[in-house]
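Make the full structure from the sequences, and use the hints.
In terms of numbering that gives the first Met the number 0, the sequence shown is residues 0 to 506.
Keep in mind that the hints were calculated from the coordinates and are not lab data. There are no misleading hints in this set.
When the alpha-carbon atoms are kept at most 30 angstroms apart in a straight line, the in silico DSS-like pairs for lysine-lysine are as follows:
{"no.": "1", "residue 1": "LYS160", "residue 2": "LYS177"}
{"no.": "2", "residue 1": "LYS177", "residue 2": "LYS115"}
{"no.": "3", "residue 1": "LYS160", "residue 2": "LYS115"}
{"no.": "4", "residue 1": "LYS104", "residue 2": "LYS160"}
{"no.": "5", "residue 1": "LYS160", "residue 2": "LYS82"}
{"no.": "6", "residue 1": "LYS160", "residue 2": "LYS91"}
{"no.": "7", "residue 1": "LYS177", "residue 2": "LYS82"}
{"no.": "8", "residue 1": "LYS91", "residue 2": "LYS177"}
{"no.": "9", "residue 1": "LYS104", "residue 2": "LYS82"}
{"no.": "10", "residue 1": "LYS115", "residue 2": "LYS104"}
{"no.": "11", "residue 1": "LYS91", "residue 2": "LYS115"}
{"no.": "12", "residue 1": "LYS82", "residue 2": "LYS115"}
As the structure is a prediction and not an experimental result, all values here were calculated from the model.
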Amino acid sequence: MSGTGRTGGLAQASLLSAGVLLVAALVGIVNYLGMRYYHRFDWTSSQIYSLSEKTLSILAGLDRDIEVTLFLREDSPLYESSKELLGRYAAKSPRVRFRTVSVDKNLIEAQRLVDKFQLSDPNVVVFESGADRRVVEESSLADFDYSALQYGGRPELTGFKGEEAFSGAILELVESRKPRVLLTSGHGEASLDEPGAGGLSGVAGLVGKENLELTSWASLGQPDVPAGTDLLVVAGARARFAEPELQAFGRFLDRGGRMLVLLDPELAPGGGLLETGLEGWLDAYGVQVGANIVVDPGATVPLHGAETLFAGASGGHPIVRSLEQAGVGVIVALARSVAAGRAPEGAQAQVLLETTAEGWGESDLGNLRAVAKDVKDLSGPVPLAVAVSAPSQEAPSAGMEEEELAEASAPKPPVGEGPAWRLVVVGDSDFATNSLLALSGNPTLLANSFNWLLDRQKLLGIGPKKPDQVRMTLTPGQLSGVTWLVLAGLPALAIAAGIAVHFRRRR
Numbered sequence: 000m001s002g003t004g005r006t007g008g009l010a011q012a013s014l015l016s017a018g019v020l021l022v023a024a025l026v027g028i029v030n031y032l033g034m035r036y037y038h039r040f041d042w043t044s045s046q047i048y049s050l051s052e053k054t055l056s057i058l059a060g061l062d063r064d065i066e067v068t069l070f071l072r073e074d075s076p077l078y079e080s081s082k083e084l085l086g087r088y089a090a091k092s093p094r095v096r097f098r099t100v101s102v103d104k105n106l107i108e109a110q111r112l113v114d115k116f117q118l119s120d121p122n123v124v125v126f127e128s129g130a131d132r133r134v135v136e137e138s139s140l141a142d143f144d145y146s147a148l149q150y151g152g153r154p155e156l157t158g159f160k161g162e163e164a165f166s167g168a169i170l171e172l173v174e175s176r177k178p179r180v181l182l183t184s185g186h187g188e189a190s191l192d193e194p195g196a197g198g199l200s201g202v203a204g205l206v207g208k209e210n211l212e213l214t215s216w217a218s219l220g221q222p223d224v225p226a227g228t229d230l231l232v233v234a235g236a237r238a239r240f241a242e243p244e245l246q247a248f249g250r251f252l253d254r255g256g257r258m259l260v261l262l263d264p265e266l267a268p269g270g271g272l273l274e275t276g277l278e279g280w281l282d283a284y285g286v287q288v289g290a291n292i293v294v295d296p297g298a299t300v301p302l303h304g305a306e307t308l309f310a311g312a313s314g315g316h317p318i319v320r321s322l323e324q325a326g327v328g329v330i331v332a333l334a335r336s337v338a339a340g341r342a343p344e345g346a347q348a349q350v351l352l353e354t355t356a357e358g359w360g361e362s363d364l365g366n367l368r369a370v371a372k373d374v375k376d377l378s379g380p381v382p383l384a385v386a387v388s389a390p391s392q393e394a395p396s397a398g399m400e401e402e403e404l405a406e407a408s409a410p411k412p413p414v415g416e417g418p419a420w421r422l423v424v425v426g427d428s429d430f431a432t433n434s435l436l437a438l439s440g441n442p443t444l445l446a447n448s449f450n451w452l453l454d455r456q457k458l459l460g461i462g463p464k465k466p467d468q469v470r471m472t473l474t475p476g477q478l479s480g481v482t483w484l485v486l487a488g489l490p491a492l493a494i495a496a497g498i499a500v501h502f503r504r505r506r
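And the structure:
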């Protein structure tokens with residue numbers, strides 16, 4: 000009997016041991032599979048914990064290793080967000096590896112990196128690929144609202160821009176050449192060096208983040224747009240372009256060039272608008288520029304007149320798709336209508352921005368003190384921006400020599416993967432000036448226009464991630480009710496439950 004008992008005990012012990020080992024093996028397998036194959040669910044309204052399609056496209060196309068060093072102080076309000084975001088980058092691409100270096104805990108390594116990267120402020124994130132590197136400063140990772148400082152409060156985080164900054168840094172490392180952007184000058188255009196409200200120094204900063212090379216170009220007297228130009232920008236011209244300049248612009252587009260035109264309604268003495276020469280020239284490319292000033296009482300910016308308004312994104316075009324999905328408008332000031340007209344054969348014109356149905360294009364420019372809609376005005380929704388794209392339409396000119404004719408007739412390769420020429424026209428340049436560029440959807444519109452015109456589809460659509468802030472506003476009566484519920488109601492409920500259990504046990 001004792002032998003049988005010992006045998007049974009051994010059998011039970013063996014089964015128990017086998018069960019424990021099996022459970023441990025299953026737990027190990029589940030953990031391994033969970034580490035290798037997992038899916039995260041992001042239920043935040045602004046998708047804070049999800050990478051955009053743009054970033055996923057950049058990571059999927061990486062052909063070289065990217066080393067990232069998170070060099071932020073651990074007490075920084077952006078440290079945890081940046082660390083979590085870089086972890087998602089590394090999880091999506093084996094080409095991305097990142098590490099954290101604590102300025103406070105590892106002084107020797109921190110000093111070595113400061114010397115290596117020649118940093119004046121160690122509060123940065125460094126991206127490396129071979130001998131190339133890009134440094135992202137902490138100040139470019141977020142937007143803050145500092146209005147509470149005057150009341151003794153703390154700055155409030157209004158938007159985390161880490162993904163935009165990190166993806167831009169990676170793209171700069173992998174791009175072989177910076178696209179060249181020229182901004183016309185000599186016609187009253189705003190200056191890239193002007194830091195004032197009406198200047199374009201903010202555009203220069205934005206272009207730098209997008210890894211573009213931006214310079215001014217005096218077009219008057221030049222026979223053609225310089226070779227190697229990827230994008231030509233006309234921003235807020237106030238004087239007329241000469242006919243040879245317009246012809247040079249036309250040849251540039253016909254060769255597969257790209258143009259961004261920002262036109263303001265400049266009032267002429269005695270009424271009407273000053274002509275820049277671009278109005279009729281653009282009509283041949285499928286863009287109708289109105290001789291009016293757009294007002295919209297239904298979308299006026301607070302504390303401003305009806306001519307400063309929120310323009311809504313429409314049409315689902317790649318330039319404005321992210322704005323349309325987020326419900327974010329673009330602030331324009333003193334704009335004119337820009338509509339899709341009769342485009343050249345094969346061209347596609349699409350409206351990007353428009354007013355509400357309450358807006359209109361005021362055509363009585365001699366009496367702007369008493370503005371009222373009448374039958375002569377353009378009814379809303381009024382279009383304010385148009386994008387046009389088409390294959391190259393350049394045709395051989397008469398009188399060419401035989402060799403020139405053969406060269407002109409030869410097929411021209413398209414730029415990138417899209418149509419050969421592209422054009423974006425906006426009826427306002429103020430949205431891109433220093434006074435408005437940082438507001439609402441203005442920087443996204445400008446950056447997306449650059450990237451669409453340059454066929455940089457991977458760069459469309461990343462914007463700041465706004466943290467979810469759910470606030471409960473209670474009236475004094477509601478606050479009093481909650482107080483009594485917590486201080487008296489819940490304890491009374493516990494006492495009543497205890498009494499009920501006591502009498503139930505006595506029965």
